[in-house]
Amino acid sequence: MQHHSSKNLRKQLGSVLLIALGFGAGGLNPATAQTLPAANPISATIPGTSFNLKLEKVIQLPDSSTGNNRFARIEQISPAIDGSDRMVVADQRGRVYTFTPGDAAPTLFFDFGSNIPGFRNGNQQSGLRGFAFHPNAFANPNAPGYRKMYTAHEIDPNGAEDHLSVVSEWSLDAGGAVIPGSRRDVLSQSQPRGDHNIGKVGFNPNLSPGDADYGNLYVSFGDGGNYRTDRGDTTLNPNGQDTTNFLGSMLRINPLQNGGNAYSVPADNPFVGQGGFRPEIWAYGLRNPHQFSWDTGGDGQMLIADIGQSNIEEVNLGVAGANYGWSVREGTFDMTGKQPGNPIQADVLPANHTGDPYTYPVVQYDHDFDNAGQDNAAIAGGFVYRGSLVSELRGKYVFANFGSSTQFQDVYAVDVDALQQEDDFTGLDRASVEAFLAPIEIVGLLNDSDQPIQMLDLVRQESGNNGQNRVDMRFGIDQNGEVYISSKKTGSIWRFVGTPVPEPTAAAILSAGLLAIGLGRRSRG
Numbered sequence: 031m032q033h034h035s036s037k038n039l040r041k042q043l044g045s046v047l048l049i050a051l052g053f054g055a056g057g058l059n060p061a062t063a064q065t066l067p068a069a070n071p072i073s074a075t076i077p078g079t080s081f082n083l084k085l086e087k088v089i090q091l092p093d094s095s096t097g098n099n100r101f102a103r104i105e106q107i108s109p110a111i112d113g114s115d116r117m118v119v120a121d122q123r124g125r126v127y128t129f130t131p132g133d134a135a136p137t138l139f140f141d142f143g144s145n146i147p148g149f150r151n152g153n154q155q156s157g158l159r160g161f162a163f164h165p166n167a168f169a170n171p172n173a174p175g176y177r178k179m180y181t182a183h184e185i186d187p188n189g190a191e192d193h194l195s196v197v198s199e200w201s202l203d204a205g206g207a208v209i210p211g212s213r214r215d216v217l218s219q220s221q222p223r224g225d226h227n228i229g230k231v232g233f234n235p236n237l238s239p240g241d242a243d244y245g246n247l248y249v250s251f252g253d254g255g256n257y258r259t260d261r262g263d264t265t266l267n268p269n270g271q272d273t274t275n276f277l278g279s280m281l282r283i284n285p286l287q288n289g290g291n292a293y294s295v296p297a298d299n300p301f302v303g304q305g306g307f308r309p310e311i312w313a314y315g316l317r318n319p320h321q322f323s324w325d326t327g328g329d330g331q332m333l334i335a336d337i338g339q340s341n342i343e344e345v346n347l348g349v350a351g352a353n354y355g356w357s358v359r360e361g362t363f364d365m366t367g368k369q370p371g372n373p374i375q376a377d378v379l380p381a382n383h384t385g386d387p388y389t390y391p392v393v394q395y396d397h398d399f400d401n402a403g404q405d406n407a408a409i410a411g412g413f414v415y416r417g418s419l420v421s422e423l424r425g426k427y428v429f430a431n432f433g434s435s436t437q438f439q440d441v442y443a444v445d446v447d448a449l450q451q452e453d454d455f456t457g458l459d460r461a462s463v464e465a466f467l468a469p470i471e472i473v474g475l476l477n478d479s480d481q482p483i484q485m486l487d488l489v490r491q492e493s494g495n496n497g498q499n500r501v502d503m504r505f506g507i508d509q510n511g512e513v514y515i516s517s518k519k520t521g522s523i524w525r526f527v528g529t530p531v532p533e534p535t536a537a538a539i540l541s542a543g544l545l546a547i548g549l550g551r552r553s554r555g
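Sequential numbering from 31 applies to the sequence shown in my numbering.
No lab work stands behind these hints: they were computed from the structure. Be aware that a few hints might be false.
[Unchecked claim] Pair by pair, the computed Cβ-Cβ distance ranges are:
(1) Q491 <-> D454: 19 to 27 angstroms
(2) G306 <-> G385: 50 to 58 angstroms
(3) S421 <-> D115: 15 to 23 angstroms
(4) G306 <-> G328: 29 to 37 angstroms
(5) R261 <-> G189: 15 to 23 angstroms
Using N, Cα and C, we set each Cβ at its ideal position, and we do this for glycine too.
Please construct the entire structure, taking both the sequences and the accompanying hints into account.
And the structure:
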């Protein structure tokens, strides 16, 4: 991935995209670039790919409730990092399973929900939010972190707050199983509301013992609550710009106990020693970054997906010390209240924005997908594909959009080499594909019969619920770089397995035979 500050690169990329996607040189109206109609900041539409990908069902998790919502609410799919081919899967309701592709059924790893006092699982953003094995969990018994893993979860309040978000450490026995009663709470954050809670916990998978960042745990936090007029809100949630708490931030800590302290703060964290900042904060200005990941190839860059309010979904490069702008910015748009009485209305950036302190996204898209009215949208962060089953996806970041809309719940892909960090968006043409900042595409999907299918239709088939209107996709990755996709509405996990090769027709076989005969005659002649 490239890191640049010049708008020229974006202009060049936009020109290439326009040519590639069939827009003529005179097909855009630059005069529209600074006109921002309500709820439609980007009037371009996302193109499709030139290929389709087949989904192969890998495993079904056991139900964890009753009725239409009985299915396991899959939150995370990760490799076991123990030298095996096992995958580890979290059900938001508290249970974690393992499986190896080809297994008939998963194996229960541990029921965290039953072993956490006050475990809270009351809505779509509570419960078990994620887990991470220490990178030394199964490696060197004489080094720190051996037989340790971590969870992010929600628990009932102990005061006036709505609830608490907690990171806990757990010990594993000689066989790699969680030791009941071994939980040690590492950190917590009071939450003012029930949504935009703690997100994911993770270690950089690209590092080895001795590397500077090895063993440091990253933790994502939402801003603590959505803007809602029914709650009496008149302004956007300011927590993304409040650095005296963890809300709206990415944290970076060493989670191992340090004497009498539950954890330690790396000395090179960007805000250590600065007044008004919690030293644990690594970056801030985020709204709801419940998914982040690292590219396991290329330059190993961190990618952070951040769910927007009413206008923009975005992907950010992980940058130490970054202020991603929320709630002053949403994508490359201004949220400082230029629209009287409507704080959720985005506007164009001010002319002097190149001198502002914000780090802007490298991918963005808006909520009006077809320019026919706003749709419900939320980005589902994914992974950079580095596997071997799907050559068309290699080197692409795979992510998705979901929400409560019956349309536009699609899988997307973007080449990571096209992601550019820029700070000058003067004249950004929101009517062209350059407004997406990178060449994102909709990935076509095929079912097990090689027929085109939308994720929502697949979820309805799997769940038997034709009234389902929300896919709630989550992505996973294995030790080989293969990418998996799941839905919190079905308990199912699929894997991308490539574009099927059609069976040759009789005419094609005859043509190939005649060609071979002709080539044989020429080689003899």
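Against the structure, the hints come out as follows:
In this structure the hint that Q491 and D454 lie 19 to 27 angstroms apart at CB is violated, the actual value being about 47 angstroms. In this structure, G306 and G385 break the distance hint of 50 to 58 angstroms, their C-beta atoms being roughly 21 angstroms apart. For S421 paired with D115, a C-beta distance near 22 angstroms keeps the hint of 15 to 23 angstroms intact. Remark: the range hint 29 to 37 angstroms for G306 to G328 is upheld by a beta-carbon distance near 35 angstroms.
Taken as a hint, the range 15 to 23 angstroms holds for the pair R261 and G189, whose Cβ atoms sit roughly 20 angstroms apart.
This entry does not satisfy hints 1, 2, going by the numbered hints stated previously.
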